[in-house]
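Under UniProt numbering, the letters of the sequence shown match residues 1 to 1432, in that order.
Everything labelled a hint here was simulated from the structure, so no lab data went into it.
Certain hints may be false.
[Said to hold, decoys possible] List of simulated lysine-lysine pairs, BS3-like, C-alpha gap at most 25 Å:
1) LYS1309 to LYS1186
2) LYS465 to LYS1226
3) LYS232 to LYS58
4) LYS380 to LYS871
5) LYS1151 to LYS1308
6) LYS465 to LYS1413
7) LYS440 to LYS380
8) LYS253 to LYS57
9) LYS432 to LYS380
10) LYS480 to LYS444
11) LYS1293 to LYS1309
12) LYS450 to LYS465
13) LYS1226 to LYS1348
14) LYS450 to LYS253
15) LYS1413 to LYS1309
16) LYS1222 to LYS450
17) LYS432 to LYS681
18) LYS450 to LYS58
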Amino acid sequence: MPPPNCLLHVEDTFGPVVKGCGSNFDFTLLFEETILCILPLCVAICLAIFRVTRLWKKPVIFKGCFILPLKLIAWNLVLGSQASVVALFSIRDETRTRASIAAGSIGIVGSAILACLSFLEHQRAVRTSSILVLYLLSTIPMDAARARTLWRMLDGRDPAIAVMVLGATKVCALVTEMLWKCSLANRHELCDAPEESNGIIERALMLRMMPIFWAGYRTPLQTEHLSKLDTKLQNAELRPSEKGPKRKQAPIKLAKEIFFSHTYEFLAPIFPRLCYLSLTFAQPFLVRRAIDYISKPKTEGSGERGDGLIAAYALVYYGIAFVSSLYEQSAVRATTVVRADLSMRIYQQSLLLDRVVDTGDSSTTMMTADVERVQLGVRKLHDAWASFVSVAIGLWLIEAQLGLAALVTLGLIGGSLLLGGYWSGRASRFQKNWMAAIEKRLHKTVQVLKGIKSIKQMGAAPAIKTMLEDERQSEIKLSKKFRLQLIALVTLSFTSLTMLPALGLSVHNAVSDKSSGRILTAQTAFQVMTLFNIVSSSIQDCTSHVMAIMVGLGSLQRIESFLNQHTWTDPRKSIRDASISTDESSVGGTSEKKVLTDVAVKIQNVSAKWTEDGEAIIRDATFDVPAHGLTVVAGPTGSGKSTLLRVVLGDLAPSSGTVSVDDSQVAFCDQTPWIANISIKENIVGALPFYEERYRMALHACALDQDIEDLTDGDKHLCGLNGQSVSGGQKVRIALARAIYSKATLVLLDDCLVGLDTNTERHILGEIFAPRGLLSSAPTTTILATSSPRYLPFANYIILIDADGRIVRQGTYAEIAPHIEQLEHDVLQVSDHAATAREPRAQDSDELPNTAITNDIAFKKGANGDWAVYKWYFGVIGWMDFVVFLFLCLGFVIGVIFPQIYLGLWSEKSLQNQIDTLPSFYGIFFGVGSMAWVALFSACVWLFLRIAVRTAALFHHLILTTTLNARMDFFSQTDSGVTLNRFSQDLQITDMELPLAFVGATMNLLMLIAQCIVVTIQSHYAGFAILAIAVVIGFFHEFYLRTSRRLRVMDIEARSPVLSLLLESLDGLATVRAYGWAAWYLRRGIEVLERSQVPFHFLQSAQVTLNLSVDLFVATLALVVISIAVVQMNTSGGSLGLALFNIVGLGQSVKGVVFFWTSLEITLGAVARIRDFTEDTKSEHESDTKPPVEWPSRGEIHFSDVTLTHSTSLPPTISNLTLDIKPGSKMAICGRTGSGKSTLVNSLLGLVQVSSGIITIDDVDISTLAKDEVRSRFVVLPQESLILSVSIREYAKLFGISDEQEIIQGLKKTGLWQTIEQGGGLDMIASSDTFSHGERQLFAMTLACLKKGKLVLMDEPTSHVDNDIQTQLRQAVFDTFPDSTVLCVTHQVATIVDFDIVLVLDDGKIVEQGDPKELLHQPTSRFAQLYSAGEL
């Protein structure tokens, strides 16, 4: 049929639809030239000019080569074509409208500007120009429509051909713009990040993810498979810190800072979200148009309209897919940058906190749970406001169809939104309480992990397990309040899905005109149902997104409060300022200033206390520390020596007085050495440049060179958290080597030389404090705090502190010596020269297996998402509970779908039949809808308050039990951050993410099945399309899932180093600040945070890719259904309406199924990690046999040819040892470091492996007994006291001591009760700041003396107390356990001579045993030789 010859006066109207031209299925030419031509041109010109100004000053980063000339040629062709069009229109009056010349002229100008932009974009921008590509993509089809219109006009063929040529040149320009230019880059790294180099088409199609999916499909995905992120996403930026007092609280200040720091990332999603919203609301109009088309008889022009309908469906549904992809990518970018920003702020603030701030390891909770919730809120930010807009628009469109009946639904919508806001606010508050409970549990968990060795030694694992499980139960109890709000929100959000259509349609049917036609036609019914579906989905999204935002704001406020905490400021003054001040205020200024220049530290009237309301520990101290020499601060245990050093260090601000120090770097060795989870070499060198000679001198001075030779990895040996993979003596020497290597002019040593054997200690003292020692001969001032007088002869200056924290005497050794005569016999004598060469060392007895600290390897068995994980999980939750939950979900789906089917049938009925069946209509919509509501509520209650609560307790129980039962080598081989991750992130996933994914996957899967059945019944051919496309999607999902699971694992693993570094830096905060390593730790923090960003962002991007594939699937399905309907024309309007309506819902269900199923698979990774951890971690318990009730009744010990080792991969520490220990004997075990002393004691506690031989106690082989039971029968005093943030009463109960009067009497005997009584009595929290190191040992000794037992094991229990207290405690043990067998590992002479027998070990063998008093009189005795050296 020849085309109609449309006249100019018809086309020269705005239209937009032409009237009086053929089938009238076309736009008018004027509309096309103004809206489809001039408008996009003007927008492109404005954006191009702005972009040109931005690019003008940027450098050239790409070469021209052949691509740039091609681009310029293409744009010149576009320009020429535009000129041809203008020329033709100027001479053809028959086709020229009022806007033709203007459109052409603007086209010429625009083409010239866009050509300039193309030139600059090629040379100075990394990615393809989005402005040019979008302009060309949008105008090419518009030019085609314009050419079609011209072709149909009278004498319009020549202009039509010119416009077609213009379109063809634009296609050429589009092709040249999309040519890959990265090979032309001046620097190859410019295109390393695909997200930076990919153009808008590649980004919309997520092409950058394809290589990653392919790599993940073929092999287990590794870090090297992931491409680089762009700088903005990966860089964790440092923020200016505010030091000093706590700032004024400003709840939204942090939110504003983050917004203005990343304004572009926050605003970028707005435009694609608006486009997505617009296309979404095109769906109900398409449904109505389709039903109209099918319902009307076929006439002339129906084919064009049918083709146009198919094209409209393709445009809308494929447009939704691509626009949604761009929107989600923008949202993911915002989430990623906020995650990096908050994590960096938390880490940076952790390094700045003042010591007086008790954070309780809150930073670890914030770094995981709180940041996770904030990033979820950011991800849903734009969805929230879009949901409100969607509800408003949807209600307006419903009103246009139903009239005043739509207003009735306004009350339900308004009530839902108001209640949703109310419950979201409550959820945020309850979530904060829940987070605080998680924080409290994690704080205690961290303390337990740090003190795991002491816990096992004391047999306290069962009590610790009970304590942490009680904390978990309290946390779960608080979580129920949050879960109730969540249930209310979920139920409320789905109420609209069933009640909105029921209420709106019922009111409409009741008030509508029943005199003619039908009450409700299929066109109106399913257009309104589609609108109701959009509105109800928006309400669901609105409530869930608002809750996510409110919960995120709650977490943001917690982070804000943390960031507002009091930060550390150096309270010290410069000694030079003090010198000037003194000079100005004195008469003889010159001489006074000269004196002060010889002073390294000046203390004036200083008092100090740890808490604002606490009692002063240092009282009115005034003294000067001479420069260049050793100053010893000596005093009894608990006198405040460590506190005084902290004041000098600046770690503790004095409550009164002033502290002045030299303006130089300080080296600090804490009483408990801080060892980072890095290599020995890195621990010593730290942030300083490496100097080989200085490093070797430090190693030799601290007697570490031989130790390093004995290690497999040498100085690359990883030390583990708190130095778990090195011995106590090695930790001391590493910390001391760090101080020597630093070349600091002020060195503070807090009683850090305890626990060293005689030869090692003499060697170190000679190397550093002898007249030609490293510290003595250097311009270095050293302050040593100690309870022992043996270091006093080395001192240039001595300061004595009494028990009340007052300076009683100060001066040189000659001046002080008469006041310490009673202690002089204990003083070491060290020659001016270094100690003699040492014998080869055996492996250190306390050293754990020399293996690298490994990262967690998750999914050993569950990595492929096999059904075994599902089966194990269902077994955990209970099969019957799962069946009940499934039944309730099925009831909900039936309640949603059945009214839709009934509506399709009812809308086809005649008017009278509709009137007759109105009661049934009301009953089905309200009755079945109410059933769905009740079923949903019941399913949520069943899942969140029964299944999730039970699994929360059970998963924690499994992780905790496995951890406490693990062998000691597990803790040296596994990074602490990995273990903590199990208690934080894994449990967080199983607590909330897993239940939400489980209910979402179940509901959407059942809904999808029902909708597929409906669509297949109403459109038979669509069933084959569903099957075919489902197979493709299933393949893609499997293809996708392998990668997404691995990305989730990598995300969790990448988080572990962040937590490890955070814990490490918090533990050694004083040391880090003293050495000036804060900047180094910030750089390390930036590195691990940036590495953790990569898998996180790609995991989020993988989800976007999955959503894109689902949207494309739905678009294809909609296209198939509408194409079949248009071609066949043999279906009813109601049936087609039901099918098309369900396609809209089916799209949401498919996306929901794939998203939640994928989320379920990913979150089940946490379940797989828990399962693998519990099944693969070797337990130390080989037997559950309990010993007899009275065992041990005598305390007789027998070692029969026993060989002991820490690991089967290491050589034995003790070989072929045979030893009999009689009941009631008091045995001291001594020997140099590494001789096997601690190993011998730990073998009785089951902490080392018995390779061969038998150990019996009272004739019972202890290897046949449960280890926890064995340990609980002994009285054990470990070398490191356990620190737990619990009350004194609760602490004692952990060790089976509950008699309060007995506890008080014991504390009075050791002199601790006065301090404890002032701190709150037995309710005082026994934190690390409550007691000094020596007082903690006193406290542990007190509890030990209150416990009864026939076997007492002590591993250097008095290393940090003075000699008087050592004697007191030794006598207390002898008096308390007169008939018990006592084994004591010690280095101190005074604690050995009173024992019945001494056992001397060397290289894992017994070299001597006997009565210490008799051995002292034997010149050849090894014990006598050690004694004559002055110290063991």
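Hint check:
Pair hint LYS1309 plus LYS1186 does not hold up; C-alpha atoms about 35 Å apart against a cutoff of 25 Å. Simply put, LYS465 and LYS1226 have alpha-carbon atoms about 33 Å apart, too far for the 25 Å limit, and the pair is violated. With a CA separation close to 18 Å, the supplied pair LYS232 and LYS58 stays within the 25 Å bound. Proximity of LYS380 to LYS871 is assessed by CA-CA distance (about 33 Å); at most 25 Å being required, the pair is judged violated.
Distance hint between LYS1151 and LYS1308 is unfulfilled; the C-alpha atoms sit about 69 Å from each other, more than 25 Å. With a C-alpha separation of about 45 Å, the suggested pair LYS465 and LYS1413 falls outside the 25 Å cut-off, and the hint is violated. Distance hint between LYS440 and LYS380 is unfulfilled; the C-alpha atoms sit about 29 Å from each other, more than 25 Å. About 35 Å separates the Cα atoms of LYS253 and LYS57, which puts this hinted pair outside 25 Å; it is violated.
A C-alpha spacing of about 19 Å is found between LYS432 and LYS380, which places the hinted pair at or below 25 Å, so the restraint holds. The hinted pair formed by LYS480 and LYS444 meets the criterion: a straight-line CA distance of about 22 Å does not exceed 25 Å. Our distance criterion of 25 Å between C-alpha atoms is met by LYS1293 and LYS1309, whose separation comes to about 19 Å. For the hint linking LYS450 to LYS465, the alpha-carbon distance of about 15 Å falls within 25 Å, and the restraint holds.
The suggested pairing of LYS1226 with LYS1348 holds, with an alpha-carbon distance near 16 Å, which does not exceed 25 Å. With a C-alpha separation of about 36 Å, the suggested pair LYS450 and LYS253 falls outside the 25 Å cut-off, and the hint is violated. Distance restraint check for LYS1413 and LYS1309: the Cα-Cα separation of roughly 29 Å exceeds the 25 Å cut-off, and the hinted pair is therefore not satisfied. Straight-line distance between C-alpha atoms of LYS1222 and LYS450 comes to about 35 Å, which puts the hinted pair past the 25 Å bound.
At roughly 42 Å between alpha-carbon atoms, LYS432 and LYS681 are farther apart than 25 Å, so this suggested pair is violated. With a CA separation close to 53 Å, the supplied pair LYS450 and LYS58 exceeds the 25 Å bound.
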